[in-house]
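Colleague: So the protein lines, in turn, are chains A and B.
Residues 1 to 397 (full-length UniProt numbering) are what the first sequence spells out, left to right.
Residues 1 to 397 (full-length UniProt numbering) are what the second sequence spells out, left to right.
Among the clues, some could well be false.
Any copy, or any two copies together, can satisfy a pair, since identical chains are not distinguished.
[To be verified] In silico BS3-like pairs for lysine-lysine, Cα to Cα no more than 27 Å straight-line: (1) Lys-361 <-> Lys-337; (2) Lys-83 <-> Lys-162; (3) Lys-338 <-> Lys-242; (4) Lys-48 <-> Lys-337; (5) Lys-215 <-> Lys-83; (6) Lys-361 <-> Lys-141; (7) Lys-63 <-> Lys-45; (8) Lys-80 <-> Lys-274; (9) Lys-361 <-> Lys-338; (10) Lys-332 <-> Lys-269; (11) Lys-242 <-> Lys-269; (12) Lys-242 <-> Lys-348; (13) Lys-141 <-> Lys-161; (14) Lys-397 <-> Lys-337; (15) Lys-63 <-> Lys-179; (16) Lys-161 <-> Lys-369; (17) Lys-277 <-> Lys-332; (18) Lys-242 <-> Lys-332; (19) Lys-179 <-> Lys-45; (20) Lys-83 <-> Lys-397; (21) Lys-397 <-> Lys-332; (22) Lys-215 <-> Lys-162; (23) Lys-274 <-> Lys-179; (24) Lys-179 <-> Lys-265; (25) Lys-269 <-> Lys-179; (26) Lys-269 <-> Lys-63; (27) Lys-48 <-> Lys-80; (28) Lys-161 <-> Lys-338; (29) Lys-332 <-> Lys-48; (30) Lys-317 <-> Lys-269.
Think of the hints as simulated: they come from the structure by calculation, not from any bench.
Because the structure is a prediction, the values reported are computed rather than measured.
Protein chains: 2
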Amino acid sequence: MKKILLLSVMLLVGVMTYAQQALWGGAPVVSPEIHDDNTVTFRLKAPKAVKVQVTGDFLPTQKITTPFGEFDGPGVADLKEGKDGVWEYTTPEPLAPELYSYSFIVDDLKMMDPANVYMIRDVATVTNVFLIGGGRADLYKVNDVPHGTVSRIWYNSPTLKKERRLTVYTPAGYETSGKRYPVFYLLHGMGGDEEAWIALGRTSQILDNLIAQGKAEPMIVVMTNGNASQEAAPGESQDGFKAPSMNLPQTMEGSFETAFPDVVKFIDKTYRTKTNKRNRAIAGLSMGGYHSLHISKQYPDMFNYVGLFSAAIMPDKKVQSPIYDDFDQKLKTQFAKKPALYWIGIGKTDFLYQANTEYRKLLDERGYKYTYYESEGGHIWRNWRIYLTEFAPLLFK
Amino acid sequence: MKKILLLSVMLLVGVMTYAQQALWGGAPVVSPEIHDDNTVTFRLKAPKAVKVQVTGDFLPTQKITTPFGEFDGPGVADLKEGKDGVWEYTTPEPLAPELYSYSFIVDDLKMMDPANVYMIRDVATVTNVFLIGGGRADLYKVNDVPHGTVSRIWYNSPTLKKERRLTVYTPAGYETSGKRYPVFYLLHGMGGDEEAWIALGRTSQILDNLIAQGKAEPMIVVMTNGNASQEAAPGESQDGFKAPSMNLPQTMEGSFETAFPDVVKFIDKTYRTKTNKRNRAIAGLSMGGYHSLHISKQYPDMFNYVGLFSAAIMPDKKVQSPIYDDFDQKLKTQFAKKPALYWIGIGKTDFLYQANTEYRKLLDERGYKYTYYESEGGHIWRNWRIYLTEFAPLLFK
C-alpha cells in the first residue's frame, strides 16, 4: 500500500494546471477586472498583435448604416499595449449595474477573451459576459435564496409531428410541496431558441429572486422553441453541431401558433399545474411577442395574462395562415373576455417602436385596456430582462 | 392596420444577419467542414495574421515535459493562407468516429473558431468541439429516440451546511410512468463540476441511446459536484462570474465522501427511486473514481455497483479524515457483502496506470472480485465516454 500512497493529489492538480497554462494558452492575466468603483479593466496578452480593441454593449452605441436603415450598434474602444505584451483598457466611468456582453477584436479578428470562461450564445454569435451588481441587476445574480429547478424536457407535438425540447423552470419546493402552480409561457425572439431566456434572459435567477422577495407568485415558467422547423436549440437536436442558420422557414407563418396547444396539453399532463385560464400567462420578446399576440387571440380562453416585449405586431403580407385571418374579430373576442393583464413594453429607440405605437392606437380606439411600459434603448436583452422583472410580479395575483 | 402590415418579417431577419456579419465579425467561412470521407477542414479568415495553427485531440499527441514528468499533450498543425486571407488545414487522413476538441492559435494567441458556436468548458479551459459519427460515437449523438429529461436541481446538505446543485438525468417517460427507477451516481474529476458529465461526458445522449437500444435499463443518473467547498459549477453559484480556480481545498480530503448520504437521502425523497442497495450504482472518473472507491467502502450497504474510471486510489499522506481510516477492514466488509459489480477501467498510458495496477494486485491477493477493462490512451474524456458506454449496460440487470 505504501507505493500507492505515493501517488499524490498534487500530481493531478499539477498536471492539469500545467497543461492548461503551458499547452492550451491559459489565462495569465485577469480580465475583466471589476474594480470597487465599478470601472472595469479588460486585458489581453497578445505580444504580436498590432491593434487590440474591445467591443460590447457597455460602450456608448455608435450608428451603423445598413440596407434597412440606421441603427444603434455597440461601440468599440482601443486597448493600449503595456509590459510583456499585455494590452489593457479601463472604462473611463463606472458602469451601471447590468449584465454586459463583449468581445475582443485583435487585428480585425473578433475573438473571445481567453481569461473569461463565461460566454453566452445569442443566435449564431457567442460573446463573453460579465455582471455589475446593484439595483435591478441584483435580480440577475445567483443569491442566497431558495433555487428553482431548470429542466430540459422533450414533448411530442402531434401537430408538428416532432419531438421538441422545452426548458422548464419549476419554483423552489415544487418537487415535494404537492401543490399545483400557475404557468407562465415565455417566448424568445427570431433566431433564438429554448435556451435564450435562461442564458441571456436570466429567467431562473430573476424568478428565484422575485419569488424569494415575495414580489412574484411561485410559478412554473415554460420556455418553448418558437421555430417550428427545429426540434431543439442548435447542438441539442439530430442536426448535431451544424452551424446555426438564419434561414428560419417556420417562425412567423402560423405553424408555431397553430401547434401551441400541444405544449399546454403536455405541460398540464406532466407538471402539477393549475389548468385554467386564470392561471396561465404568455409573453415573449420580438417574434415571441408576435407569437404571444397571435396565440392569445387565437385561443381566447387559454391566457389571462399577455405580455408583448418589443413585439413584432403583424405578419408579412405574403404570409397565409388561418391564425392571421379575422384579426379584428378575434381581438374583439379576446378583449370581450377581459384579460387580467395585456402588457406592452417597448424601448424608445426600438425599430419596432412605431409599429407598437400604431398598435396601441388601435387598442385605444377600440377601448381595449392594456398596460404600457416605455423604456430607454432599443431592441436589446437589457430591456427584455427589465420587462421580465416588471411583468412577472403582476401575474396570478 | 395597413401601415402596421408594412413592418416586414424581413426587417427582423435582415438587421440581425447584417449586425452579426458586419459588426460582430461574423462567420464568412465554414469551419470545421467534415467531408464525406471524414477528413476535416479547418478555416479561419485572418488576413493580418502571420501564423495560424490548430491544436486539438484529433491530432497525433506530442510529448510535453512538465515538472511532474513527461506526458502526452495534443498536437499542433499549421494552417496555410489562401485567397482573401482565409487560412486552411485539412487532416491528411480521415478521423475516427469521436467527439473532438480543438482551438486555433493565431500568432501564438489561442482563440476559439469564430465559425463554430459549439464550445465545451472543461475546468477553466474552453474549446470548440465537433463530432465524427459512426461506431461507438453514434451513442454520443442526439438520435431519433425517446429523450430523457436533464434537470439542474438544488439540495440542502446539512453536513456541508450549504445549498448545492446537482444535474439529474431522468429517463424518457419518467414524468408520467408512475414507476420507480434505480439510481446511478456519476462523479466527475478534479476541477470538474456537476456539468462535466453532461457536457464532455455526453451522458444524456449515451443513456438515451443505450436505453432505446435495450442495452441499458431505464435509470436515473445523478451528477454531483465533488468539490465540497462549491455550491455549484462556475457561473452558477453566488460566486457569480468569478474566474474558476484550481485552488480546490475540499476535493480529496474526506468532506465530499462524508456528506454523500445527504445526496442519496435527497434523491430518494425527491424522485421515484428504488431505495435500496440493489438498485444503486456509483462510478466516477479520476478524482470521482477515488470518491466512488472511498464512498462505496465507507457505506457498504449503499451501492451494489461500483465503477472506477481512471481512478486515483489513495489519499495524500498528509490528509486526515475518518473516511480513510481502517482501509483494509472497510474494504473487507465491502467485499464480504459481495457487490454485484466492482469495475475498474484504465488507459494504458494513463499516469494513474501504475496505481491502478497495484490496487488490482491488492484486490487479487485478497480474492476480491472485480471486472477489469483496459483501453488505449491516457487520462482523457475519450476514455471516460467509452467507460460509461461499457459500464452502464452492466447495471441493474
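Colleague: So which hints don't hold here, by number, going up?
Modeller: 2, 3, 4, 5, 6, 8, 10, 11, 12, 15, 16, 18, 19, 20, 26, 28, 29, 30
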